[in-house]
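Based on these hints, arrange chains B, C, D and E with the ligands on the given structure of chain A.
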Amino acid sequence: MTVALSARFRRGVTLPVLLLAAWEVSARTGLADPRFLPSLKDVALTAKREIFDNGLFAELGFSLMRNIAGFWIGTVLGIALATLLALSRPADRLISPTFNGMKQISLLAWIPLISVWFGFGEQAKIVFVALAAFIPIVLNTYEGMRSAPADLIEVGRALKFTTRQRILRIHLPSAMPSIATGVHLGLIYSWLATVGAEYFLAVGPGIGGLVIAGRERFDMALVMVGVFVLGLVGFSLNRLAYALESYLLRWRPRRT
Amino acid sequence: MAAFFEAAGDAGIRMARRRRSRVVFGVAGLVLPAALLGFWWVASAKGWLAEQILPPPFIVYETARDMIASGELLFHAGVSLRRVMIGFAIGSLAGLCLGIAIGLSQKIEDYVKPLFLAFAQIPTLGWIPLLMLFVGIGETLKIIIIAKGALVPMTLNTCSGIRGVLPKYVEVGEALCFGRWQRLRLIVLPGAVPSIFTGVRYGLTHSWTSLVGVELLASSEGLGYLLVWGRQMFWLDTVIVAMIVIGLVGFAMDKGLDRTEMLIQRWKRQEI
Amino acid sequence: MTSSTHIEIRSVTRDFQVNGSKLTALDDISLDVAEGEFVTIVGASGCGKSTLLRLGAGLDTAYDGSIAHAGKRVTGPSLDRGIVFQEPRLFPWLTVGRNVALGLENAGLGKAEKKRLVEEHLELVGLSAFADAYPHQLSGGMAQRAGIARGLVNRPNVLFLDEPFGALDAITKTRLQDELQDIWASERITMILVTHDVEEAAYLGDRVVVMSPRPGRIREIVPVDLPRPRDRTSAALSKIRNRVLESLGTTTKAGPQQSPGVPSKARKVAGLRSAIAAAG
Amino acid sequence: MTSSTHIEIRSVTRDFQVNGSKLTALDDISLDVAEGEFVTIVGASGCGKSTLLRLGAGLDTAYDGSIAHAGKRVTGPSLDRGIVFQEPRLFPWLTVGRNVALGLENAGLGKAEKKRLVEEHLELVGLSAFADAYPHQLSGGMAQRAGIARGLVNRPNVLFLDEPFGALDAITKTRLQDELQDIWASERITMILVTHDVEEAAYLGDRVVVMSPRPGRIREIVPVDLPRPRDRTSAALSKIRNRVLESLGTTTKAGPQQSPGVPSKARKVAGLRSAIAAAG
Amino acid sequence: EEPIVIHVGYAAIGVDNRPYSEGTSAATARAGEYLEKEFANDPNIKIEWTFFKGAGPAVNEGFANDQLDFAYQGDLPSLIGRATGLKTKYLLASGARKPLYLAAAKASGIKRIEDLKGRKIALQRGTNGHLAAIKVLAAHGLNERDVQVVNLDSAGTVAALTSKDIDAAFGDTQLINLAAKGAADIIYTTKGDDPRFGRNAGVIGRQAFIEAHPEITQRVVDAFVKAAKWSSDEPNRPALFELWHKSGTPVPILEEYFSNDTLAYRNSPLIDDLLVSQYKEQAVKGKEFGLIRRDVDLNGWFEPKYLNSAIERLGLKDFWQSYGADGKPHAS
Ligand SMILES: Nc1ncnc2c1ncn2[C@@H]1O[C@H](COP(=O)(O)OP(=O)(O)OP(=O)(O)O)[C@@H](O)[C@H]1O
Ligand SMILES: Nc1ncnc2c1ncn2[C@@H]1O[C@H](COP(=O)(O)OP(=O)(O)OP(=O)(O)O)[C@@H](O)[C@H]1O
Ligand SMILES: O=[N+]([O-])[O-]
Ligand SMILES: [Mg+2]
Ligand SMILES: [Mg+2]
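Chains as they are written, first to last, in the working numbering: chain A, 17 to 272; chain B, 377 to 648; chain C, 4 to 283; chain D, 4 to 283; chain E, 14 to 345.
Because the hints were derived from the structure by calculation, they are not lab data. All C-beta atoms in this analysis are idealised placements derived from N, C-alpha and C, irrespective of residue type, glycine included. Hints may contain errors.
The calculated lysine-lysine pairs, modelled on DSS-like cross-linking and capped at a C-alpha distance of 30 Å, are [as the list claims (entries may be wrong)]:
#, chain 1, residue 1, chain 2, residue 2
1, E, K318, E, K50
2, A, K57, E, K259
3, C, K176, A, K176
4, E, K66, E, K177
5, D, K25, B, K544
6, C, K242, D, K242
7, A, K57, E, K119
8, D, K25, C, K118
9, D, K25, B, K483
10, E, K148, E, K194
11, E, K130, E, K204
12, C, K117, D, K25
13, E, K259, E, K66
14, E, K330, E, K50
15, D, K75, B, K544
16, B, K544, D, K118
Covered stretches of chain B (in silico footprint by chain D; criterion: 3 or more residues with CB under 8 Å from a CB of chain D, positions within the stretch not fixed) [as the list claims (entries may be wrong)]:
#, stretch
17, 547-557
18, 563-576
Derived CB-CB ranges, DEER-like [unchecked claim]:
#, chain 1, residue 1, chain 2, residue 2, range
19, E, E268, B, V511, 36 to 46 Å
20, C, S24, B, V403, 31 to 41 Å
21, B, S481, D, S237, 55 to 65 Å
For reference, chain A alone in the conformation it holds in the complex (with noise of 0.2 Å):
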């Protein structure tokens, strides 16, 4: 913890600025395709050129919505789902084998279904955002809760505690590292199938068509301005998910 911010920081980009590095370099000594591989200076034409002209940002904003509206969906929903599973017995036994078995089946698979109730609009791609975030977040809570240590158990239990305050007062908080990286996956998950979601519904506005356009007009430096952008606010949104994440477990005693 003595790492100073600064230091950390300088690490963190020194992977990313050495790949930069060696893909300039192979694509200015032609080492690799510039069609499959373009210069760094393309890159940030297009970029420009997709930021000044092509309203980028506005085409974000929409996936940014979508994303975070069908992230809370899918993590409120899968809190709930994973408290219940792993607190009540007879609804872990009626309900985990059919969702472990589901939730093996692909995301596209659910495709037809969900635009068949949701439409193809927007509120369908909300769905499959949501649905992205919903699995990691239920499997998450889920071993979270399930660890809670028995000895608190037991104190709730001498105290007389009802469900909501096991719930609040144990299991929750017990399961919050987990939950965390449950979140973490979340957000991942939930991003690509953003994306997604602008592939395989009908169309609409948003970022991930940058990277599909790229991919159909052959055009690398678009792709890799796509996949710039994209990575780019998963690693922001992740890293305030970190921020909250260290907010809420700053009971736990620091490494030494």
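This is chains B, C, D and E with the ligands only, laid out in the frame that chain A set:
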């Protein structure tokens, strides 16, 4: 409500009920699938959903039977299973190692995690052209993509499991001058087991999920291909058969994981 | 023993499974505790004291025999029966103050009232300055005191205390013993306290229950017929203390495999260090 | 004090942050411990005893001042310095036997040798029957004994013990004290033992260090110039015990905010129960 | 009068996911807002376009769920829908006789269709290009098993051709684009070859909607026919490509795509004998190749009533040449 949320902690009652409950709950797990089947039956009989979208159960049954008899289903399942197994094994192992490295060393975390997170966020779709350049569109491409599906959850869960190991145990290891490997084997990994298994679970799920994406991409066999192809051809019965097989295989793997976890966490079994 | 039976334990047996074989933690225990009585329990390590308290508090119901509280069979925990656990069991994610407040979670009190009670009890156990600290920032004894505060704050009808002062220094312990006794005297709480400190057992108890180990049985009940306030240094108390110690001593002899066993073990292991040195 | 200085603690200060404000757990502590000496430490709850042991064992290095072991600065843990923690800290995922075996993990012994040592130490602490039990199946005192076995099994050069017998009954405690003393005598291990039991401190120690709380300081060092084996009931020992108790008493008075404070707290809170009853 | 939303689907999507397409009269109707103009004076009627990435299958799902009322769809997907019992009507041709291209990777050594034997060929299964490719192969003595078929979408095809992961690919405008960049060679196109090799597509309507709203259906078809008319007027060629460029496809590519074809030939809405026989053949072939599992009953599916009435009213009789099942112009 309170009775529904039966207290998890009453050792005695639990133990006494265990045998009976195993039978009861074994059956309970079938209730929901049975109810879904019933609902499906009624829904298709009453035409709540178009037959093209939700074919009646017996059609799906017949399709499944035909596909089993022709060996087609087994073939596709075998292809997919192989891909998932290889990809998952590579991805989860790599994730375990990466997660351990990041979890144990702040330095490695500082260096690797930002890039890792950024990579994790980028849709496979974006990578494919580059990947194709390096590995072509053959089996390797598919396995890499499946492996990535397992890598991300495995890494994050392992890492957080390791971080969650109580300092009081870590300190015991320090006092006993454990080396890295001992610390890992005796303290960190056992303490992180639940979290790691969640990673394995979700990693497996995600391997299956990626499989479909991959088989959609450039393949003419496998369960994912059946799914996509079935949808393309509007054979929703085939799609449903593929979905059920994927679900069943996944479920069986999950059960296997449960067993393994129980075996590893013997000490917990008697606790509650 | 002026009032009626408050806690009635009848022929209670509790078995555990350890590695597939049966371990009888409590064997045919019977004990009646009167309302407002202060019973202390002593016994060798592992003789079933904590197990008995958990049964009394209703936390464990897988026993043979019967336990009743105020005539009603104990089927589970109740706010009327409080317990201070052997380990502090503080919630690591709550501050010390909020941990103590847990004891009032279901007391049906107003916010201000709760706050006042928590503050008073923190002061009682000398932790006022640590109300906002997290458990990992406490010393062992401080954590134990926080646990005591949580058990006391709700003022249950019956309070089970499992070695509450075990991790405290002599002075703090003495103070808290007296505070506990005062609370007991003024509020007529029925108290059942487990301790390893025989002096404490004699000083606080109306009766001292001496248990013998594996299977856990009640060996003897030593009445302490001394008026309160008692003098810690009085000869009468000392006599009782010795009675209890004696009883414990025979108890231990009765179950040899329980105690550290052969006294001269150390000599037997004496050569080990050279062995290690040679190997290292 | 026949041999040279083994552990040398010089002007050690250790501060913690609690809620943004500084808490001085140890303030300018200096203490020399000779090779093969048995030093016991007593002091009020929260006075910094555990903190001091953790520093000595090399588990905590964020202090001012210096600590040396056999002339070399302590920069981290070492197998030559063992520690028995205040809480048992058994690994829940290992059986009792494997937990004890952890102490030999790096001893460089053969498998059979290790097995023998573990078995002997389990017998030493009376847990032979529980070698294959898991920690959650032990009683509080049994877990503590397992912790002691783990600390002893490796026979370190210096052993720090943090209230090792706190959760044990009088008889078991007496036995283990004697076993410990025998091991110390035959192997000349330097021992530094924290206890709340003043009798124990006097009985075992060559010197008794009395600490005063917040900031943790050494108030007084009471030498115990009695030949061994000592008689627990001797007047000389009793005198020393009283000296220590007295010193502790003044210590506690010196730091009022530390101790449970105003003695009549109970009376102040006496009305609470009726308040709760009225509200419930 | 209650408000009506007419849901129109399009089994394709523009570059960049733009909700536009190109190369068909339906695309013209969309880009030129023919439907919107048709109902401009009916505030109660709204038009909602949906462009589907998933193309044909998604359109079928939309019809099955009553989420679509009209849609542009390729021949094979619409036949598949028909085979599973979707209640639809074929209202007019749009984007019929689309050519198919075959491109070979540079240095693959493939010069003729016959050279494909044993090579790795990409095509997108289940689309109308799939059947067309099979027919082309068959005409040159090959079947699907004589080549290694890789199922790739158009973007995957481009990448794989460029990286020479595959030897050749059947496809659409993306191949023209690729050849223009010099990354592949077009070695064959159905253009100018037997018209029976071409692909077809049309505007399909949901039967329930048509029965409930015959007048609206008529006006929808009117709008499409007007778009087809405008798209067929040679002087409009530059303007047409400019309009279609809304989909993101470069104009030069479109010029190449339509070279040597008259606009009227490609944009004819007629349900002529050639078209009907082509659909019939696709149905048979589809079943033969295992793409369609049941017999497709095409009787009563074609519903030229609205088309004919539109042509009549708009005075476009004989504007478009109709062809016989043999691919020869009708001598009408
Ligand atoms: N990690 C920590 N963070 C903040 N404060 C701490 C930490 N560890 C100990 N302290 C504080 O340091 C002081 C001394 O603690 P320590 O555990 O050394 O006491 P102790 O003498 O062992 O007490 P006890 O007899 O109760 O175990 C206490 O006031 C405690 O609150
Ligand atoms: N959950 C359990 N599973 C198996 N055995 C148990 C369990 N809990 C307690 N035991 C056993 O029951 C016996 C009594 O345990 P208990 O905790 O009641 O002892 P105790 O009298 O409180 O001892 P101590 O003074 O050491 O705390 C011990 O032998 C212990 O091993
Ligand atoms: O509609 N099509 O997919 O050709
Ligand atoms: Mg106990
Ligand atoms: Mg301490």
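Legend entry - Violated hints - listed by number, lowest first: none
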